[in-house]
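Listed below are the residues making up each chain.
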Amino acid sequence: MENEPLNPSKSSARHGVDPSWAAAEMRLSPRQCCAALVITAVLFYVLPHAWERIEPLQIGAGYRIPYRLGNDYWQYERTCRAAAGGDQTLLVGDSVIWGHYVSTRGTLSHYLNEQAGSERFVNLGVDGVHPAAMAGLVEYYGGAIRGRRVIVNCNLLWTSSPRHDLSATKEATFNHSALVPQFSPWIPCYRASLSQRVGAVAGRRLPILGWADHLRIAYFDSEDLATWTLERPYRNPLGALNAALPSPDEPPSPPPDARPWTAKGITEFTPDWVPLDESLQWRFFQRTVRLLRERGNQVFVVVGPFNEHMLTEAGQRGYARQKHQVAEWLAEEGVSHCVPPPLASELYADASHPTAAGYAQLARLLAEQPAFTDFCGQ
Amino acid sequence: MLFHTWTFLLFFAVFYPVYLLIKGTRLKLPWLLTASYVFYGWWNPVYLILIVWATLVDYLAVVGMARTRWKKPWLVLSLLNNLSLLGFFKYGRFVVENLNSLAAWLGLPWTLGDPDVRFLSDAVNSLLYGCGIDHTVPAFSYLLPVGISFYVFQSMSYTIDYYRGNVAFEPNFVRYATFVSLFPQLVAGPIERASNLLPQLHGTPQITRDDVSDGGFLFVVGLFKKVALADYLARYVDPIYASPGDYQAAALALATVAFAWQIYFDFSGYTDMARGIGRMMGIRLMLNFYHPYLATGLGDFWQRWHISLSTWFKDYVYIPLGGNRHGEVATYRNMVLTMLISGLWHGAMWTFVIWGAVHAAGRVLTRALEGTPFYQHRVPKLAKQVLTFLIVCFAWVFFRAQSVGDAWLILRRIASCELADPAIPLLMIGLVLAIWIYQYVWESRLYAVLQRPLVRVALVVGMVVYIATLITASDQAFIYFQF
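Going line by line, the protein sequences match chains A and B. Each residue of the first sequence is one higher than the one before, counting from 9 in the numbering used here. Each residue of the second sequence is one higher than the one before, counting from 36 in the numbering used here.
Honestly, the hints are just simulated from the structure, not real lab data. Certain hints may be false.
Said to hold, decoys possible - With the C-beta cut set under 7 Å, the calculated list includes, among others, these residues of chain A facing chain B:
| # | residue |
| --- | --- |
| 1 | R35 |
| 2 | P38 |
| 3 | T48 |
| 4 | A49 |
| 5 | G207 |
| 6 | P215 |
| 7 | I216 |
| 8 | D229 |
| 9 | L233 |
| 10 | T237 |
| 11 | P241 |
In this text, a Cβ means the ideal position worked out from N, Cα and C, and glycines have one as well.
Given the sequences, and given the hints that come with them, work out the whole structure.
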């Protein structure tokens with residue numbers, strides 16, 4: 009502040025350093041610069057791959073993506089690669105396929121395997137993944153699913169209201185927003201900032217970011233490093249990286265009430281069905297099916313099981329219309345499909361999820377469908 | 036638009052290639068100005084009204100000075116306009132609140148209304164509605180527009196320098212407007228002088244490979260400081276300073292030290308990024324921080340901390356007041372006044388004024404001591420650095436506290452020495468310690484170690500990998516934006 013010449017780096021000047029530079033300035037020669045860029049690029053490529061060798065992933069009997077890793081798309085991609093390595097049929101869909109109310113021994117894939125007498129079906133369902141997110145999941149992370157038999161679940165719950173359909177204009181938060189299109193087609197209720205949108209797009213393109221998310225989700229309780237260390241100030245973060253993934257049997261948090269819907273006091277309702285020709289979710293579902301077929305997969309679509317018992321008469325009429333249109337489109341496109349009859353009322357835990365007994369029943373119903381047996385026999 | 040967001044990356048990815056293509060043409064300045072206004076208007080387009088107004092009035096003042104013999108009235112016009120902008124937008128509420136408190140204390144039966152500037156955004160919205168445009172701009176909050184203290188000082192320095200005959204008249208308005216609003220340093224400095232920046236806006240910038248790599252890595256360092264260090268430290272500091280009554284001595288003391296580093300990483304990180312972007316554009320912005328926590332005295336500290344502001348105050352406040360030319364008493368008076376004004380520049384709160392006063396008092400008390408041979412030669416350097424750091428931390432308590440009452444509470448609790456687990460992450464301590472050692476080594480004889488290619492490449496790679504893998508997207512604004 010005084011009338012002295014400003015010389016902030018007397019000490020550095022003494023050592024022959026350019027005084028206009030502070031320690032913050034990493035001056036690298038062009039060759040060092042290239043070396044830094046190459047090393048960084050190599051690390052970005054190598055770290056996720058090296059980690060795959062450190063962290064074992066075994067897709068054994070009854071495997072499903074652990075609930076805690078539902079947002080871990082890097083892990084999903086890895087699981088797809090592992091699952092697509094064999095000769096199994098892959099089940100793709102939302103929590104109906106994943107089995108929200110049931111353990112790994114109560115899912116549709118489990119009962120299909122039981123019927124087949126072998127580990128033929130693999131559960132690639134993800135909890136909470138609606139069709140818009142599913143299209144993104146398959147497009148960006150499901151590249152390994154090629155030339156396989158794929159069963160896709162069509163859950164019309166996602167067209168049961170403009171809010172579910174994401175076509176409402178009022179701002180809404182929803183699961184897996186990083187998977188939906190960020191710019192086109194425009195999702196009216198999705199109001200992320202430009203930065204979040206660009207970040208989501210970058211996350212799909214840079215495996216290092218997905219891997220970093222994986223570490224955060226799998227080992228740091230889905231928290232960032234800062235939050236994790238603030239909550240555990242004296243623990244070593246490296247110690248948390250124990251390469252032990254959560255169990256597929258770990259129940260959702262909070263644990264869902266697995267009783268039939270009738271025991272929970274849920275009443276009938278009339279959905280505000282979104283016509284399919286205006287539905288965003290239906291467009292995304294169509295996109296998923298087309299994408300899978302373009303990749304040389306044989307696709308079989310299971311429409312439902314929707315809990316029609318929970319619908320009023322008007323609601324049931326609307327559902328019948330939606331179902332009919334879906335079946336019509338699938339037939340037009342030449343996609344094998346079936347629309348199984350509704351399960352018994354007490355076999356549903358809510359509007360679209362069966363109980364374990366419901367899944368067993370559904371597996372039996374599928375087995376009776378010629379389209380399904382044809383598909384499996386191919 | 037924040038430097039550490041994807042939005043900025045996208046903005047720069049569009050801006051920079053075009054800039055490189057047209058840097059030698061007449062389109063360079065309009066492109067720079069447009070980009071700067073887009074960058075600034077991203078917060079709130081209404082803010083542009085103020086920056087354009089400040090630019091226009093100062094430019095007219097300089098044109099007036101250039102064309103008439105009477106320079107002083109034009110300088111007064113510029114100063115009045117700039118200080119009115121700051122006074123209204125930054126200090127209006129502070130003045131009104133204090134006047135109302137004074138009136139209540141004196142038992143006077145009047146109160147002044149809260150100054151409100153929403154009429155500006157309301158006017159813009161009415162205009163948009165009238166034009167049939169289905170869009171509304173956000174309400175123009177009374178809280179001061181981002182960066183007003185920086186660009187007002189920068190613009191004002193030009194009129195003062197021109198009045199003094201230190202800079203030449205700039206006939207090109209677009210160039211002048213670009214000087215005021217140049218986006219890398221627009222919202223948080225460094226506060227550039229016309230004598231440094233304006234000449235760099237003439238002609239074709241020479242951008243070498245070194246400029247691009249140096250600038251890029253400087254940006255990486257700044258990004259690391261912001262997202263890996265400052266934002267991390269903030270997570271520890273914020274809850275403690277939000278309710279200091281809930282914490283004991285150790286946590287409060289450590290939070291104060293953590294804040295000292297947080298504000299350094301935050302502000303110097305911004306400056307590094309600004310300088311890095313400028314460098315990539317072939318523009319060299321001034322050094323703003325030089326390892327301030329290695330200062331061996333408060334005088335030294337102010338030559339290392341926010342250098343562009345401290346030199347601004349030296350040139351435009353301290354020296355015009357008389358500097359050290361009129362004896363010891365006048366020198367101390369001028370130092371105290373300058374520090375108090377500097378405190379007030381940081382914000383319209385008594386805590387900032389007290390922060391300035393603490394620095395002024397510290398400087399008055401230590402100035403003579405620092406000049407003694409005993410202090411200079413007998414006291415170990417590390418002891419001087421620690422002492423200076425402690426004084427600076429003491430002052431930061433007032434800077435960071437939400438009120439003067441909170442600041443006293445924090446100091447009382449720290450003095451009580453009641454110990455409880457401060458729960459500060461070891462990783463946080465390790466990171467800060469590593470930076471401190473790095474800077475210490477940089478200023479020591481071991482400096483050459485840090486200049487080894489392997490070390491520098493490892494540091495750069497380490498920072499990039501750390502940011503990519505361990506940091507989640509941050510939208511946390513920089514602390515100095517509020518000033």
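> Would the hint on A/T237 stand, with a C-beta cut-off of 7 Å toward chain B?
Replying inline: Because about 4 Å separates A/T237 from the closest Cβ in chain B, which is inside the 7 Å limit, the hint holds.
> Per the CB criterion, is A/P38 less than 7 Å away from chain B?
Replying inline: holds (6 Å)
> Holds or violated: is the Cβ of A/P215 closer than 7 Å to a Cβ in chain B?
Replying inline: Violated: closest Cβ of chain B sits about 11 Å from A/P215, beyond 7 Å.
>> Is the interface hint satisfied for A/D229? The criterion is a beta-carbon contact with chain B at less than 7 Å.
In response: Hint violated; A/D229 Cβ to chain B Cβ min 13 Å, cut 7 Å.
> Taking 7 Å as the limit, does the beta-carbon of A/G207 come near enough to a beta-carbon in chain B?
Replying inline: Given a least distance of 5 Å, the restraint on A/G207 holds.
>> Can you verify the interface hint for A/L233: is its Cβ closer than 7 Å to any Cβ in chain B?
In response: holds (5 Å)
> With a cut-off of 7 Å, does the beta carbon of A/A49 approach a beta carbon of chain B closely enough for the hint to hold?
Replying inline: violated (10 Å)
> Holds or violated: A/T48 as interface residue toward chain B, Cβ cutoff 7 Å?
Replying inline: Since the shortest Cβ distance to chain B is 5 Å, the answer is holds.
>> Checking hints one by one. Is A/I216 an interface residue toward chain B, by the C-beta closer than 7 Å rule?
In response: holds (5 Å)
>> Take the shortest C-beta to C-beta distance between A/R35 and chain B; is it under 7 Å?
In response: holds (6 Å)
> When the nearest CB of chain B is found for A/P241, is that gap smaller than 7 Å?
Replying inline: Holds, because the Cβ-Cβ distance from A/P241 to chain B comes to roughly 4 Å (cut-off 7 Å).
The structure does not agree with the numbered hints 4, 6 and 8 stated previously, though it agrees with the rest.
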